[in-house]
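Colleague: Chain residues, written in single-letter form:
4 protein chains.
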Amino acid sequence: MEHKVKKVVLAYSGGLDTSVILRWLQNTYNCEVVTFTADLGQGEELEPARKKAEMFGIKQIFIEDLRETFVKDFVFPMFRANALYEGQYLLGTSIARPLIAQRQIEIAEMVGADAVAHGATGKGNDQVRFELGYYALNPNIRVIAPWREWDLTSRTKLIEYAETNQIPITKDKRGEAPFSVDANLLHSSSEGKLLEDPAIGPDEIVYQRTISPEAAPDVATEISIDFLHGDAVGLNGEALSPATILTRLNEYGKANGIGRLDLVENRFVGMKSRGVYETPGGTILLAAHRGIESITLDREAGHLKDSIMPRYAELIYNGFWFSPERRMLQALIDTSQASVTGRVMLKLYKGNVIVTGRESPHSLYNTRMVTFEDDAGAYNQQDAAGFIKLNALRLRLGASIGRRGGAL
Amino acid sequence: MEHKVKKVVLAYSGGLDTSVILRWLQNTYNCEVVTFTADLGQGEELEPARKKAEMFGIKQIFIEDLRETFVKDFVFPMFRANALYEGQYLLGTSIARPLIAQRQIEIAEMVGADAVAHGATGKGNDQVRFELGYYALNPNIRVIAPWREWDLTSRTKLIEYAETNQIPITKDKRGEAPFSVDANLLHSSSEGKLLEDPAIGPDEIVYQRTISPEAAPDVATEISIDFLHGDAVGLNGEALSPATILTRLNEYGKANGIGRLDLVENRFVGMKSRGVYETPGGTILLAAHRGIESITLDREAGHLKDSIMPRYAELIYNGFWFSPERRMLQALIDTSQASVTGRVMLKLYKGNVIVTGRESPHSLYNTRMVTFEDDAGAYNQQDAAGFIKLNALRLRLGASIGRRGGAL
Amino acid sequence: MEHKVKKVVLAYSGGLDTSVILRWLQNTYNCEVVTFTADLGQGEELEPARKKAEMFGIKQIFIEDLRETFVKDFVFPMFRANALYEGQYLLGTSIARPLIAQRQIEIAEMVGADAVAHGATGKGNDQVRFELGYYALNPNIRVIAPWREWDLTSRTKLIEYAETNQIPITKDKRGEAPFSVDANLLHSSSEGKLLEDPAIGPDEIVYQRTISPEAAPDVATEISIDFLHGDAVGLNGEALSPATILTRLNEYGKANGIGRLDLVENRFVGMKSRGVYETPGGTILLAAHRGIESITLDREAGHLKDSIMPRYAELIYNGFWFSPERRMLQALIDTSQASVTGRVMLKLYKGNVIVTGRESPHSLYNTRMVTFEDDAGAYNQQDAAGFIKLNALRLRLGASIGRRGGAL
Amino acid sequence: MEHKVKKVVLAYSGGLDTSVILRWLQNTYNCEVVTFTADLGQGEELEPARKKAEMFGIKQIFIEDLRETFVKDFVFPMFRANALYEGQYLLGTSIARPLIAQRQIEIAEMVGADAVAHGATGKGNDQVRFELGYYALNPNIRVIAPWREWDLTSRTKLIEYAETNQIPITKDKRGEAPFSVDANLLHSSSEGKLLEDPAIGPDEIVYQRTISPEAAPDVATEISIDFLHGDAVGLNGEALSPATILTRLNEYGKANGIGRLDLVENRFVGMKSRGVYETPGGTILLAAHRGIESITLDREAGHLKDSIMPRYAELIYNGFWFSPERRMLQALIDTSQASVTGRVMLKLYKGNVIVTGRESPHSLYNTRMVTFEDDAGAYNQQDAAGFIKLNALRLRLGASIGRRGGAL
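Chains as they are written, first to last, in the numbering used here: chain A, 1 to 408; chain B, 1 to 408; chain C, 1 to 408; chain D, 1 to 408.
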């Protein structure tokens, strides 16, 4: 132990694992524990966490509904970038960690705690995301990562510790879970055990947030989403708060079998892992956002966004939300969204999200310009000849000295 | 007219438009016309083109089946990059143009022609793609783009010209087509007229290559694709040629309502346009390729590929296939595919392409490394502490002088 | 002529070429000409331009000192990016064009002109820079580029036209200039004729703004520059305006033989050209800005800036200052400069700019962290072991299946 | 200790520090030590290292002259990229580490060693570079980094250990060195102690490889360098081996005060550090390589290279030479160099490297195209009008709906 810990703010779910951590912190560090439980839309009751914390003698218990903040200040900024990690993953877990870290640090400063603790393991990305957030917000905070410190290296030992320490164990937690789950308003992720062989598709029981495309209705659902400066602000013509919109989109997505992803991805800590993700509302939102951008965003603005997107997504995946480089990229992205305003119509059908229309007062789409019909002089086809000639000039100069076909 | 044209190689489909062009070239330039008609999998008979050409008195008629070359040397290299233009478009039209341009130039050199001609309009991307290809391969070639030169600026005038010049007009070509179509083995694209309002979804009649997800079977189809060095080499365990694989994947995709895209995109010539694309086999192939890469490609190799992909896709879209920069990027991409070998299992269902398994002799996925179970020392969780500490160091140094949370 | 021109705002230097253009506009378009002459620090008297314009019967003559605007709103934002085109060129000509274009459009709107005109040739970049600026600021403006329109294709014809039209010709303009010059407060560029062979170094007579390193003093000059949020605000401890700082730095640079560059570069219009540039003050400023960034900018912030810099420089070179993508990149860059504040000490000696010291209240340089001496626990060397282990993990996994040394 | 070490290959310089390490390895691990001493052009006799190693009872002593390999396979590939870390640093130390690591692993496999050891400290980049190289080449190798393991945390303790263990200490090593030096054929770097305050310029005694610009001759030296496929192959018309060329360029650079750099840089391990570098020959080589590229490399090829260069340089700095991503980027870079062949003339004068001429059989510079004179129709100025119009189209469309000047 580097130095004595006096008071630690624990990210506490109320479940078995973080309850063991809570007791272990008390036992090991002989310190006061402050619990922090956040509603990020994971779909669990929070009040049981209070009861349990009280049972452990916790005096300072923080239980907060952060859903609106989560969507408004984390999910939406990220969606402005159309962020996809490794071309596919909507970053549902990654984007929640910085908010939890931020509140833990704020609470630590409020209650005079000198440490924070989390329940992420030593093999995953979440430990990195939590701790980079902690350190970026408070460089002197002491971080406790029990999974990297203790010797409870098997489920059996954990259960034993729980029993020895009078921690209640619900029946379903006694055996090993067939896979591990993380959830919030944006998504649910499942990984481990049952899912460890990437050659075998996930069993239907893995899915928590969506019905299967097969089970979805045979008739499509049609919706519209309104955007203002790149953010969703309304659904089917009704203005709604950020978290409400995402909640409703989740319902639409769930019902229509939308947003499942079975992925082998690369962790920041170095190995590949397999995750099964469900992002019903997010999947719809991404399609819609691309749809509204398609008519409102300038070509080069869009291409520039696309070119930096992989790096932006990587930063969030790796835990660098609170970093200068993420803030710089965000400034670039946010600048681009000034006119990303309008309505997108979508059809949801058995796993498909189909953009059926887009309209905007700021549309750059110009029928007169593009029409095959007479365009009344909007576009001079002769210009194309010169445009091509000069774009070809360097290639012709190359070819004329023997470098044909773009040979170097 | 810059100088007299003696002999021109025309990209000739046999349809009304290129027949009018053929005659117009004869009339206007008083030159010999050589026709070149390629089978790129557009799904039309080629022999009628020969008949028609003969009818125009053409002496040198080239009709070639280029499907294998098209898939092997153009489509597959592009798919190694997971190329998507503007995040969505699989570049089906763009990738065919360089091959046509290349053959036209080769034929021109073979027959001693001093010019080439194409039937692309002055508002689109294809004129650019053809002509950049021509010039890169032969810097001195004379390029004739009738749509930019003549005064047949309306359908009526075109029909009149055809009638005046004894060009047969099939009944369905007399009226204006409700939209314009381009097709090859990779895709079919539709645009114009009926599709000009991006607020309104495309009518079902637009689709040529796919049935709708709604019309697709209620039971999923399961297939597997084998990859070798990044290219598909087998289907359901059977080794097949490139064009055969793509043909079969198109059948699977078509039957399962896969690969439709309704997009507003940005043209290189400067305006936005709306296209409806059908890429049934390509959509399956992309998912499968990402699947096999997910277990065989190193993380940073994959991220590097992702970071240059938008530029690579843009180059192909803009017509720079035969350019030094495309060749350089291709060298980077091809280098990455050395071990992208193995099998991907997929489920096709009503518009969905779902990867259900991947396996490879070169898999970098290591169960022992990632398992929640005891990993027998494969991974030392203590390493993560140091890893995080040093990744956080610069953020902590910043925070310690007042730049909290990554403030700059 | 597309339509009749009523009133045109001409970027007018007062020299022979733009005087011929002035008269040619009057003769050709039979329109009113408004002259606009700006002092961007080119080092020429402006009042003669007024005299001349009056002589041509011009009624609305705009002569403006834009030096402060030029440096504050164009040069300084660009220097925040450390912009270098093709690794070397400080973009002295490129950065001046947007300001001229902007003022021409503002004046056109003020005086009710329907057209603007410039004196750039049809082979260079400047025509592009002017016209992209015009169109971005006023999409309906009529642009007249006499060099692309008239038939004065040789010096002889131009002189003849001048004589025929009573345009006074100073003796030194009668013969052909041995090279062509553009100058402003940031730089002087020379190109053409005498300089056309890139195998031969420029003659000393080409240089206008600098003495040679050989001719510079044998004793170094020491100066300091103060920065605030990335911009130079003081020199040798004295607070000065942007244009004053650049003027003084030019004097320092000139006297010490600093800022010469003999370059073959690639023009946007497609060919290579050879330019000789002198950017005395800018060369010092770049070194100083890199110096202050080196202690105040976060590593990843700096690397992100470096990674987008080539694209940013290319945009400015190509004339896209007034574009969405330049504005987005500027937002990213400006965000990065919040703490780029402090002082840089430099030594100037015979062509060398040597940073000799940097200090800042926001310095991220931490002696305790970096020292070889005992650091009192600031840095735990054990962390490096874990850091390396996890950074190596993917490489080890690759090597363990036969991909040694990063083989793919 | 994880497991018993039997035989370790130590990167051994023969100096005090690595001699202490040698003895410490024998004492601590009770293992056989194999020494490896490489001549990378650091300018020290190697035979004394053999004597010393024998004195320690070493049986297997490897002393190798790797200068040609170093320049040919490491320095030259890197210079093809014009690599500069953080815009300025020529990566002299970084590029030497992978070669040492490679040979250590090869020797370990030859002699049946199970471990390797190096003398880099726990705060620097070199430990990372060595160890990433080791692991990438042999995933199972045991790595010993004494500076991170032992308790010789001060110079005094090190000296005591040397005395106790009968390790000879030359007089000058008894006191603390005022700074620490690393050198090879490409450069010399100095850092630490005397240099720790970045506000104060380095004392002249720091410089090892160059005389000062002030001390350099008053008359310029003129040289020429011949390139073939991007690599230097001749000097002043004489064909020479890679190492010979670099050696001669070092002499030219040294004599003319060229290649000094005083830099605050960002280490991969997280903190800023200050280094003073001397890269006399490399500085000349970079200027020359840019010079030959300027006439032989296609514009977009060059811009693509420039855009990936910062990442390439970062990879080398961070120690990822043996990585898939470096190999991919190298493939891109090497592809670009096919025609980078020709001669560059340079003038060296008191710290300045001035390109005075370039010529190549593959030059893309075309006087006829660029001339202000009559170009005989090589370039049609009318093309520029169309080129600009279409490049402006999107900006005009934006401006026409109120987004003037590239507003978003």
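None of these hints come from the bench; they were simulated from the model.
One should not assume that every hint holds.
Heads up, the list lumps identical chains together, so a pair's fine if it works in one copy or across two of them.
[What the hints assert, rightly or not] 35 Å max Cα-Cα, derived DSBU-like pairs, lysine-lysine: (1) Lys4 with Lys157; (2) Lys157 with Lys347; (3) Lys59 with Lys254; (4) Lys347 with Lys254; (5) Lys171 with Lys72; (6) Lys347 with Lys173; (7) Lys171 with Lys7; (8) Lys4 with Lys347.
Colleague: Confirm or reject each hint.
Modeller: Here's how the hints hold up against the structure:
{"no.": "1", "hint": "Lys4 with Lys157", "result": "both (26 Å within a copy, 30 Å between copies)"}
{"no.": "2", "hint": "Lys157 with Lys347", "result": "neither (50 Å within a copy, 40 Å between copies)"}
{"no.": "3", "hint": "Lys59 with Lys254", "result": "neither (39 Å within a copy, 63 Å between copies)"}
{"no.": "4", "hint": "Lys347 with Lys254", "result": "both (14 Å within a copy, 20 Å between copies)"}
{"no.": "5", "hint": "Lys171 with Lys72", "result": "neither (37 Å within a copy, 58 Å between copies)"}
{"no.": "6", "hint": "Lys347 with Lys173", "result": "between (40 Å within a copy, 33 Å between copies)"}
{"no.": "7", "hint": "Lys171 with Lys7", "result": "within (32 Å within a copy, 53 Å between copies)"}
{"no.": "8", "hint": "Lys4 with Lys347", "result": "neither (58 Å within a copy, 51 Å between copies)"}
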